[in-house]
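Student: Given chain A's structure and the hints, the job is docking chain B onto it.
These are the residues of each chain, in order.
There are 2 protein chains.
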Amino acid sequence: MSRVYNFSAGPAMLPEEVLCQARDEMLDWQGSGMCVMEMSHRGKEFVSIAEQAEADLRELMGIPDNYKVLFLQGGATGMFSAIPLNLLRGRNKADYINTGAWSKKAIAEAKKYCEVNVAASGEASDFMSIPARSGWQLSDDAAYLHYTPNETISGVEFHAVPEVGDTPLVADMSSTILSRPVDVSRFGLIYAGAQKNIGPAGITLVIVREDLIGEARPDTAMVWDFAKQAGADSMLNTPPTYALYIAGLVFQWLKRHGGLEAMGEINRRKAEKLYRAIDDSPFYSNPVDPDCRSWMNVPFVLAKPELDATFLDEAKRQGLTTLKGHRSVGGMRASIYNAMPEAGVDKLIEFMQDFERRNA
Amino acid sequence: MSRVYNFSAGPAMLPEEVLCQARDEMLDWQGSGMCVMEMSHRGKEFVSIAEQAEADLRELMGIPDNYKVLFLQGGATGMFSAIPLNLLRGRNKADYINTGAWSKKAIAEAKKYCEVNVAASGEASDFMSIPARSGWQLSDDAAYLHYTPNETISGVEFHAVPEVGDTPLVADMSSTILSRPVDVSRFGLIYAGAQKNIGPAGITLVIVREDLIGEARPDTAMVWDFAKQAGADSMLNTPPTYALYIAGLVFQWLKRHGGLEAMGEINRRKAEKLYRAIDDSPFYSNPVDPDCRSWMNVPFVLAKPELDATFLDEAKRQGLTTLKGHRSVGGMRASIYNAMPEAGVDKLIEFMQDFERRNA
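As given, the protein sequences belong to chains A and B, one line each in that order.
For what it's worth, full-length UniProt numbering labels the leading residue of the first sequence as 1, then goes sequentially.
For what it's worth, full-length UniProt numbering labels the leading residue of the second sequence as 1, then goes sequentially.
For reference, chain A alone in the conformation it holds in the complex:
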């Protein structure tokens, strides 16, 4: 079989250029006689890979010097715990915005460590829209405000960074990071599981303003103590070396292809054409408020849900895979991260239109 267009929500497609390079270097990285997986993380070869990855990421995102870049383990779900443990700094309250499934998980986990004020919730709209900033009930004494810029399941996305005054803003960017430019200086902490726009599952990015670290709760696991990991260049223990290497190859791929400005343009175009195809058809529909539709995850349902299985089956035979919607939503979901070529979106639209003609 040839390579497919894989619309998985994550782990997700990786750029073919990256995979080819990884394949070619598998038995011998740049004349070292070793696979990157085999390298000591303390050796000069791997240290150079890690340093280059951080430097490239800093350049791509324009990360200011007063922010630390950490590559950790545990996924975003691990950080749901690590963030309160690190950022409460003696306080007992944090504000959270509830915009859907991932917000809810972050909230449930934070409640293990502090009082959570749900400052706003999209529940009234069944999470099909984002509550207007004007209605948010922020606490005076919150250690930070947490939100989820993109909800992968419902396909709801913030298209602007909310203004929250001096409260450190914490964002779970797992599914939007690197998809367009972002002003890092607006945030106290940005975190992301890698498996959507960064690289393989198993490495977790944390970008944190350095004045916010150093006051972790005393029983914070050493590997999740942001200040300690920052002091050890994320190598307090053995990091997920191969995942970081692949992430580094993705960063270089992004730089070769115009960086986040170029990605943002392509991603906007991919999303706009897919939503247009859905909106222009009576056969497909997307229920999300047009003002906060995700560029990354595009859920849609068929007018005839009894044809879902046929749709998925025929799509797969055309090399369009993993389009099944999340079990909590049903229907379809096309996740179109950076590594999904525009040609993949075009082919999906063509297939959808053909399927509609034959089945409407």
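Calculated from the structure, these hints are not laboratory results.
Hints should not be assumed to be uniformly reliable.
Below 20 Å or equal to it, Euclidean Cα-Cα: the simulated SDA-like pairs (lysine to any residue) are [unchecked claim]: (1) A/LYS44 <-> B/ASP313; (2) A/LYS316 <-> A/GLU306; (3) B/LYS316 <-> A/SER48.
Tutor: Chain B only, in chain A's frame:
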């Protein structure tokens, strides 16, 4: 450059057969049109990979049915926290045996969560031997007893499983797991970072007797709650999929090559010939009590430490790399895990003897 014999303590060599298969499957795993890194962890392709890996590991180690097998994130160092959080089960004390650097780290971390009774320590021998079982001061009310079967830095290893009565025995097997047969039923919990004998860094194995889980401290991070992860087949959140795939390839390689009995024979032979070469020479020495010398990590020093740099340099030019000893010990260290071919040990011995002839 051709492939080297890499004596790194971890991350360490992987079997060349495994790397070749990973290379060949990089762009298209078994006709799926996807790299394993790109697969949804919920899809049938990856689920089959994960199930096969667990089944193969259970077969290799003879893991009884009343033990759960978990593949987590955080490394052994993460488990230094997760283990007390899960296994204290309302108690406030745990026994630890201190045999060196890794024991000490486990102890320091456990002290964040409970009272630690250091039931025995190798300190008097500068950790060059293991304190005799007869002198251990076990607590009556310890939730578990933790020990480190192999200390990678000093090269000290238990050659038998200690008898501790009904107290659940917890072992950090990061550097010995899969190196020989082990009777899992003797243990309450076995854990291991992958990057020595299992696969790539970034995945952590936990094998735990099922009656010991389900009473994690309420503020345990969800991703480290062993009962919750067991209930979700280690997929409470996205697992490190590619690392698990490579581990699975290693398990199949072990099965093709005779399993742990065969590995144990080879590893014993590799270690014995290397220690013999050291002991037979006035130029090299290893300070560890012969009764507890590690099969996996063989530290040695030169009679003329001023030649250390020359030794390392010449060795590297012969394709024998990463032989520098840990900074806390100095000298040399040859880590000879499963994937180090016996030919690599032979070549190292030959080089050592030649170096001695020219420099003694």
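Student: Decide, hint by hint, whether the structure agrees.
Tutor: Hint check results:
Using a Cα cut-off of 20 Å, the hinted pair A/LYS44 and B/ASP313 holds, with the two alpha carbons roughly 14 Å apart. With a C-alpha separation of about 17 Å, the suggested pair A/LYS316 and A/GLU306 falls inside the 20 Å cut-off, and the hint holds. Between B/LYS316 and A/SER48 the CA atoms are separated by roughly 19 Å; this keeps the pair inside 20 Å, and the hint holds.
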